[in-house]
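Each chain is listed here by its residues.
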Amino acid sequence: MTLDQTTIWIVIVALAFGTFALRFSFLGLVGRRPLPPWALRLLRYTPVAVIPGLMAPQIFLPLEGQSSPDPVRLAAVAVTLAVGVWTRNAVWAMLGGAATLGVLTLALGV
Amino acid sequence: MSTDIAPPRAFWQGVRNGGPFILIVAPFGLVFGVVAGEAGLDVWQTMAFSVAVIAGAAQLTALQLMTDQAPTLIVIITALAVNTRMAMYSASLTPHLGGASVWQRAAVAYLMVDQAYAVSILRYEQGPPLSPRAKLAFYFGVVFLICPTWYLGTLMGALVGSQIPDWVPIGAAVPIAFIALIGPMLRTLAHVAAAFVSVVVALGLAFLPYSLGLLVAALAAMATGALVEVWTARNRPEGDAS
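Protein sequence lines, in the order shown, are assigned to chains X and Y. Heads up: the first sequence begins at 1247 in my numbering, then just goes up one per residue. Heads up: the second sequence begins at 422 in my numbering, then just goes up one per residue.
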């Protein structure tokens, strides 16, 4: 798998400037003026609107060359989510998911 | 009486509060380094990516789409769509840090990763009040360990990636790292509804090319979250609105 070198650099530079612009936007240009409430209301859900959809295919659809979703990955993600909701702590969630992944991989993989 | 917290003390408070997050950032950086190497980026490209962008989710999205042969413009737009939450962070931090100099605000913007925002806003809204200078110092304290850890994690992944044996399920580390951030965010019915719609629409439209399904799913989910929030507020009994 070889990617075009020019494309890689174009993407890196565009994302660097675009991401900085997003981060600087309000802080840099709007100053202390408040945003309209409807905008804040939509923006509030950005992380939970983007990341689950981004990850869903990798979690629920079969991996390359397989006919059904990977049960080990499903279990590890389920534990991650459950621990995260329960403890409200991303570090514990990640450790729980990683431990599940490790144990199941070792148990089923041999 | 003077209960002001001096900026240096606020800085070290930030270092302490941000510290545990290197446990997330280090493996996440490692994952990005490994995946970038597998996609065909050399160490310099991988490091340039992490240092210039510092946004793991967007970086992984861009890599995924590039390996899927999506058009360059679609790669850029989709990855930036993943980062639109940064504009929300920026808006949310403005009342606290908006008074800093333009260069300080530029530095805040460059270093604005999820954990920096989450840890800082929590501290600004709770605990003993901080002066504007102390708030700025706290913010830089939070990222003091987190951002270098991101660079180093990426470097480690890029350097050792090819030596990781095939049976190590490195691919599953990506959804785990992301879902670990999402679980604690599911605080209200509106957040849960938004996440649910995001998953269902993204899966339903997974056949669309160039991750267009993700864009539709994200917009539908944001609208769902906002609508459920309005609906929940309206149905709340009078006097319970505080």
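Be aware that one or more of the hints could be misleading.
Just a sample of chain Y residues kept apart from chain X, beta carbon distances all over 12 Å, derived [what the hints assert, rightly or not]: (1) Val523; (2) Arg526; (3) Ser552; (4) Leu580; (5) Gln584; (6) Ile600; (7) Leu624; (8) Val637; (9) Asn656; (10) Arg657.
Computed, partial: chain Y to chain X, Cβ under 7 Å [stated by the list, open to error]: (11) Gln434; (12) Leu501; (13) Ile603; (14) Gly604.
Because the hints were derived from the structure by calculation, they are not lab data. Glycine included, each C-beta is placed from N, C-alpha and C at the ideal position.
Here is what the structure says about each hint:
1. Against the 12 Å criterion, Val523(Y) falls within the reach of chain X, whose nearest CB is about 7 Å from its own CB.
2. Separation of Arg526(Y) from chain X is inadequate, the least Cβ-Cβ distance of about 5 Å not exceeding the 12 Å criterion.
3. Taking the minimum C-beta to C-beta distance to chain X, about 16 Å, the non-interface status of Ser552(Y) holds against the 12 Å cut.
4. The non-interface label for Leu580(Y) is consistent with chain X: the shortest C-beta to C-beta separation is roughly 18 Å, beyond 12 Å.
5. With a minimum CB-CB distance of about 18 Å to chain X, Gln584(Y) clears the 12 Å threshold, and the non-interface call stands.
6. For Ile600(Y), the non-interface assignment is contradicted: its Cβ lies about 5 Å from the closest Cβ of chain X, within the 12 Å cut-off.
7. For Leu624(Y), the non-interface assignment is contradicted: its Cβ lies about 5 Å from the closest Cβ of chain X, within the 12 Å cut-off.
8. With a least beta-carbon separation of about 9 Å from chain X, Val637(Y) fails to lie farther than 12 Å from that chain, contradicting its non-interface assignment.
9. Every C-beta of chain X lies more than 12 Å from that of Asn656(Y), the closest at about 16 Å, which supports listing it as non-interface.
10. For Arg657(Y), the requirement that its beta carbon stay farther than 12 Å from each beta carbon of chain X is met, with the minimum near 16 Å.
11. Below 7 Å, beta-carbon pairs count as interface contacts, and Gln434(Y) has none with chain X, the closest being about 19 Å; its hint is therefore violated.
12. A least Cβ separation of about 5 Å between Leu501(Y) and chain X falls short of the 7 Å threshold, and the interface hint therefore holds.
13. The criterion of a C-beta within 7 Å of any C-beta in chain X is met by Ile603(Y), whose closest approach is roughly 6 Å, and the hint holds.
14. At a threshold of 7 Å, the smallest CB-CB gap from Gly604(Y) to chain X is about 2 Å, leaving the interface hint in force.
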